[in-house]
Amino acid sequence: MSDIVERIVTTLSSASTGRRLAAAEEILAEIQEGAPAEGRFRRLFDLYSQPLCRFFARRGFSPEDCRDLTQEAFLGIYSGIGSFRREAGFETWMWKIATNAYRKRRRWRAAAKRAGPEVPLEETVEAAEAQAPSPSSEDGVLERERAGLLAEAIRGLPDQMRKCLMLRVYQDLKYREIAVLMGLSTETVKAHLFQARRRLQEELGDYFADALGGVEAS
Amino acid sequence: MSASGRLLDLAVSELAGELAESPHPSLDDLAAYYRRSLPEADARAVQDHLLVCPECTALLLDLDELAAIGREEAIPASPGEEADAEWERLKQRLEPVSPAAPKPLPFRARPRRAPVWLQAAAAALLVSTGTLAYRVADLRRTVGELTAPQVNSEIVELASSPLRGEANPREVRLRQHVEQLLVFLRTPPNESFPAYQIVVARSAGGPPFSIGGAQPDSRGTFTLTLSRQWIGDGGDFDITVFGLADGRREVVTTYSLRLATNATL
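From first to last, the protein sequence lines are chains A and B. Per my numbering, the first sequence runs over residues 1 to 218. Per my numbering, the second sequence runs over residues 219 to 483.
Quick caveat, the hints were computed from the structure, so don't treat them as lab data. For glycine and all other residues, C-beta sits at the position ideal for the given N, C-alpha and C. Check before you lean on any hint, since a few could be wrong.
In silico negatives: residues of chain B with every beta carbon more than 10 Å from chain A [claimed, not checked]:
(1) S231
(2) I287
(3) E291
(4) A419
Sample of chain B residues at the chain A side, in silico, Cβ under 7 Å [said to hold, decoys possible]:
(5) T275
(6) E290
(7) S410
(8) P412
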């Protein structure tokens, strides 16, 4: 009963603590300083188990795998509390644990799949070729030449502008994702992509306008 | 894909090909890049790699997502049967120890950071101890990865097969002020299991100490913490690492350890 009362009290106080991360780091500090672990670890579990489960779900894992992976992550946290360094950041630490957990699960699943029925290689090659019509050799040469000109023009863009464009095209990332990778605001990314399209059009003319049409699509 | 779309893809792919050879950054470097704490040259190298590596890009976006979770209001999960059931399932995997045995403490009160001279003395003592000379580079890396050097901890690294010239079982003498023993268990390459269990048992018998849900680090090394209280007067110990999968439990590797304390000197 006292454990339930403690949980209710600390649940109410956590709501006024502010951010989830601050609450988690406070819990870890208390445990590291020798406070009884179980109740506090339950609080940490209550704070992060559902968000972590949703995190794994967004990576394509089944509900059952998500629950297992959440358990694995918390076991990793529990076994490592003694050596956790606060300056490294709880979110970074949890990220490493969660990443290792789902990478292992993916490797395990991949190993299990390799035991499945095999598809003849010829069939997969034929299927891939059926989807990709190849241009004629003349068209191919012209296409490569145009692509080379476009590449040269992109190479001449300012550094951040070029990188934003590459992330947009090569990895098909959204503005927000490019902003995270580049350490920029979303608005700056949008501006870079807009400017990149404008500069390349100015340099290459309307002949390449179609090729740049997808750059700014959100 | 339209011809125009393919043109842009070809152009960007040509540029990406110039960056394709850079190695994957470590998780630590990715985290430092995210926090903007890498030196400029290193940050640039990581950024160039991210341009062309969807895998590392996904990892960084994962970190950002978890950071966003951390910035949310600290509203705990709604209590309910499912949450309680998951917690009970987790509890069962957290070091089941017989009530009759001294309860080992997986984490102790963090000691105050020792003076620099004492840290240096502790590091020098570690390097000069035993037959670890041929593994100094590994041990220095391992020590560097620990939290603040804990002078009340002893560290021992075990391999599953004793190395030439090394005693079997491995003998460790705990100094008087040592409160915990950190044991690094190096495992040979093995089948990857989703979870592992480490069982430590006295060779002479008695209730074992078990850790469920253990995970190795990227080098396949497990870290085990044994408190002075649990070690007691020392003795011979057998350590077994089990792999857990689909309800089965398989022995991955075993180790032997002989601990001597003041009582057994």
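For each hint, the structure was consulted:
| no. | hint | result |
| --- | --- | --- |
| 1 | S231 | 7 Å, violated |
| 2 | I287 | 5 Å, violated |
| 3 | E291 | 7 Å, violated |
| 4 | A419 | 19 Å, holds |
| 5 | T275 | 6 Å, holds |
| 6 | E290 | 5 Å, holds |
| 7 | S410 | 6 Å, holds |
| 8 | P412 | 5 Å, holds |
In summary, the numbered hints that this structure violates are 1, 2, 3.
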